[in-house]
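A.B. asks: Each protein sequence line maps, in turn, to chains A and B.
Under this note's numbering, the first sequence has 24 at position 24, and the numbering climbs by one with no breaks.
Under this note's numbering, the second sequence has 307 at position 307, and the numbering climbs by one with no breaks.
Treat the hints as calculated values from the structure; they're not laboratory data.
Treat the hints with care, as some may be off.
To be verified - In silico DSS-like links for lysine-lysine, alpha-carbon gap of 30 Å or less: (1) B:Lys309 x B:Lys84; (2) B:Lys37 x B:Lys204; (3) B:Lys161 x B:Lys84; (4) A:Lys61 x B:Lys204; (5) A:Lys161 x B:Lys116; (6) B:Lys204 x B:Lys309.
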Amino acid sequence: MDKLTIYGERFDSRLLIGSALYPSPQIMQDAIQSSGADIVTVSLRRQNSVAAGEDFWQLIKDTGLRVLPNTAGCHSVKEVVTLAHMCREVFQTDWIKLELIGDEYNLQPDPIGLLEATDILLKDGFKVLPYCTDDLVLCQRLADLGCEVLMPWGAPIGTGKGLINPYNLKTIRERLPEQTLIVDAGLGLPSHACQALELGYDAVLLNSAVAGAGDPVTMASAFAHAVTAGRMGYKAQAMSEKDVAAPSTPTMGMPFWHQN
Amino acid sequence: MSELGKKPRVAIVGFGLIGRIAALELMDRYDITVFEKDRQDAQTGAGMLAAAMLAPLAESVICSQVLAQQGLEAIAMWPKLLAKLDADVFFQQAGSLIVAHQQDRGDLRSFEQRLKPLDGHHPLSADRRMIAELEPDLSGRFTHGLYLPCEGQLDNLGFFKASYDTLKRRGVQFNYGCEAVVANGCVDNQAYDWIIDSRGVGAKVDNAQLRGVRGEVARIYAPEVSLQRPVRLMHPRYPIYIAPKPNHQFVIGATEIESQDDADITVRSTLELLSAAYTVHCGFAEGRVLSLNAGLRPAFVDNHPRIEKKDNVIAINGLYRHGYLLAPVVVQQALCEGLL
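Taking the hints into account, I'd like the entire structure generated from these sequences.
C.D. replies: Printed below as a string of structure tokens:
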């Protein structure tokens, strides 16, 4: 399969996986392995000072995957910028999945604060992967600032509803052909991931869909297959939809009494 | 008997929940010496801070069927264990109630789907009327829930006090504030017939596979709140339970954070726990905060307990968030070969 590009680096897998909410670290490691992902997201909570979080961090390092730190749980520009800098130090990477929460209950990103924080962090030398809503203009503004990767949501985090607005996502894909687009959040089923890739999205990022499944390890594998299927489906250029049925078997040669 | 007329000597290193149960099981037949790194009045350790819920069915959502089944066995063992104590300790098996606010109903549905079948024990769907019958104080506040009749709880502070008093009377020797070194089958170079290593997270210095999982709890005195049994509230990030203890006290917990940090509870966690409790029962508003605590649960990578035997040393650890749920079974498994 063709490769996923993130700020000039290339990866085989089009599935990015989270490291939270698994029943145990063992199941987390097994599920991550079974997903075939090359990139794992990790959140650095303030409470997790470097030393305090060392044990869990070691478990992540044991996966051997590229780490994408995220700023989950931040509610202000100042907070998110500070945490991004802490992440850069702790995880030794200039990648940051920027998550700035605007609504405490459904964890909807704050688009206005996100633009401000993205601008600051890009200028500070970060490679920003902003988690945003599926708003075309917001995505355009983020791209204008210099984001090479954008991560619009499929649905609110953890809802498992799938792509609630495929039209918006499709528009963003059409209007921003150069950006790497990753559907982040809201997926529940492998078919949701497949649909995102069929729309031309470059990858999906998910956590709850795998960690919250009854059997996370098998579900991780199911998503890996779905992502492959979706990408292949996109590359193979699907037939166009029609309103009128067109027979796949030609009627020519059919006995006249069978034709109307 | 190691010598004629003398009881064999057992050292118990770490006097938390596991150390206490082991001591109670062994006190009649062994000469026991306890080593505990904290001072006697320290309010630390997972067993001290826990809500001491016995919830095998609810926990089956996140643990294996085998562990949940063991939890069910342990509930039956607790009354026998408590009967060894010189004082009464509050224990009940009146079930537990799971409730969810309207916006968290999805979480409740998924929780219900994940409950594993346990021998003869099933969850009951609780509607508005059943909730009102079980917990009159919650009447009208919740319309959907689950009632898990097999579950129970006990008073861990009462257990901690009564176990110490009982063991002291039976002649157990206590060494508090003593960071004992277990090496070469000895404790601080003293030979024992058996050594029980029940140090919890304290054993991390010798076992790199052990990790701490931070948990935060509040203990509240709320005379206006009356609950008959533990109530668990579905929450988007972690289940919050309210366990009613004797004397109008309630343990409200618990956060679960992958961190070795055992420093004081954060403001965020305090707000989350207490506001969740307040949404269950507004009588908590006038309650008094007795304590806000943070501690570490000892866990291995699979979150399953482990018993490791090496010569005369038996290490019991990694009970994670299932200390009270599993300890009687795990300790008995550990001691049954050789000691019991």
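A.B. asks: Each hint: holds or not?
C.D. replies: Right, here's what the structure says about each hint:
1. B:Lys309 x B:Lys84: holds, 26 Å
2. B:Lys37 x B:Lys204: OK: B:Lys37 and B:Lys204 at ~14 Å, within 30 Å.
3. B:Lys161 x B:Lys84: holds, 13 Å
4. A:Lys61 x B:Lys204: holds, 19 Å
5. A:Lys161 x B:Lys116: holds, 25 Å
6. B:Lys204 x B:Lys309: At roughly 17 Å apart (the allowed maximum being 30 Å), B:Lys309 and B:Lys204 satisfy the hint.
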